[in-house]
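Engineer: In case you want the letters, here they are:
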Amino acid sequence: MALRVLMFPLVLLVLAGCASEVTRYSSQLSAASPAEAKDVLRLSAAVEVNLDTHYTRTLKSGSRWARVGTTPQGTVYRPVDSILTLEGANIHEAYIVVDGGRLTGYYLPVERAFSPISPKPLSVQKD
Amino acid sequence: MHKCFKTLALVMLAMILGACASGPKYSQVNSTLPAAAADKGRVYFYRSGSPFGAAIQPAVMLNGVKVGDSQPGGFFYVDRSPGNYEVALATEVERKLTFTLDQGQKRYVRMSVGLGILMGRVYPELTDREVAEAELRDLSFTGTLVQNKEVQRNLTRPDESTVQIDSSSVPPAAQNPPATAVPQERSKADSQPAATLDDLKDLLPQNK
Chain A
1 MALRVLMFPL
11 VLLVLAGCAS
21 EVTRYSSQLS
31 AASPAEAKDV
41 LRLSAAVEVN
51 LDTHYTRTLK
61 SGSRWARVGT
71 TPQGTVYRPV
81 DSILTLEGAN
91 IHEAYIVVDG
101 GRLTGYYLPV
111 ERAFSPISPK
121 PLSVQKD
Chain B
1001 MHKCFKTLAL
1011 VMLAMILGAC
1021 ASGPKYSQVN
1031 STLPAAAADK
1041 GRVYFYRSGS
1051 PFGAAIQPAV
1061 MLNGVKVGDS
1071 QPGGFFYVDR
1081 SPGNYEVALA
1091 TEVERKLTFT
1101 LDQGQKRYVR
1111 MSVGLGILMG
1121 RVYPELTDRE
1131 VAEAELRDLS
1141 FTGTLVQNKE
1151 VQRNLTRPDE
1161 STVQIDSSSV
1171 PPAAQNPPAT
1181 AVPQERSKAD
1191 SQPAATLDDL
1201 KDLLPQNK
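Residue numbers (my numbering), protein chains in the order written: chain A, 1 to 127; chain B, 1001 to 1208.
If you are wondering where the hints come from, they were derived from the structure by calculation, not from laboratory data. Keep in mind that a hint or two might mislead.
[Stated by the list, open to error] The list that follows gives simulated cross-link-like pairs (lysine-lysine, DSS-like), each with its CA atoms no further than 30 Å apart:
id : chain 1 : residue 1 : chain 2 : residue 2
1  : A       : K38       : B       : K1025
2  : A       : K126      : B       : K1096
3  : A       : K60       : A       : K120
4  : A       : K38       : A       : K126
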């Protein structure tokens, strides 16, 4: 009986979506030069990423990404004609961070922060 | 007992229908909405007409300033300078959305209803333009008359459209524009002349 009483508010909390905040730390973005900003990547294969907030993000095959700049964690690309957000307790617009051909995390432009993930290989082609 | 349930169901249905936004549809007004000023971007806010959580209509806050209410089946927009923005809805569990806005860019914020602890909650999500345009099609404009005077004028022009709007079809929010309508009015000040006393003359009683 006591277990039931305990479980009820717990289930409610889960249903209420008490997700944890997106893990991130401050990061400095150096903006791309006008020439670099023309650098656009196209994903040749979809990439699925599980976030530590238990949400999943899929970067679609064929999606295009324009270079925004660089951070110590890698080169930052923003989606072209689409949007990407990271979801946790709150929702944040996000760009991808690529280093050595691998997706290393996300850059949150409003928070000016980097959110790391377990690196994932990216299959890309230049547009 | 059976009759009691029927009455209750009818009351609930009336409440749900009453909670939904009314007004011109996006598909009708989209082409007539005035463009944002060249140095601004536009943020659309919309919510599906789903009856789930229809009674919950929180204020929509953009960078801490109220810009409207989240009404089921309704949409509105605001024009803002490029920069960083945070959307929050005043519900039981607050879930914020952060995004950037560029000059000339259009952003779409969908407001969805989720389960809360004691009651439902409404939270904002950034949406792709393509998805948003499709979802917006049948939603009603809940912006203010002042903000969209030009739209009103175009829609009531008899030779151009069969859509007629009178004051009764304008949502209450439009008849009593919230204080938050001011920033948008200001943003359009360059493109639209301010109302003068002549504009209001027709509203005054005629003295003979």
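Engineer: All hints, please: hold or fail.
Structural biologist: Hint check:
1. K38/A with K1025/B: Roughly 38 Å separates the two Cα atoms, so the pair is violated.
2. K126/A with K1096/B: Given pair K126/A, K1096/B is violated - Cα atoms ~35 Å apart, limit 30 Å.
3. K60/A with K120/A: 14 Å, holds
4. K38/A with K126/A: Within the cut-off at roughly 10 Å; holds.
Consistency note: the structure conflicts with the earlier hints numbered 1, 2.
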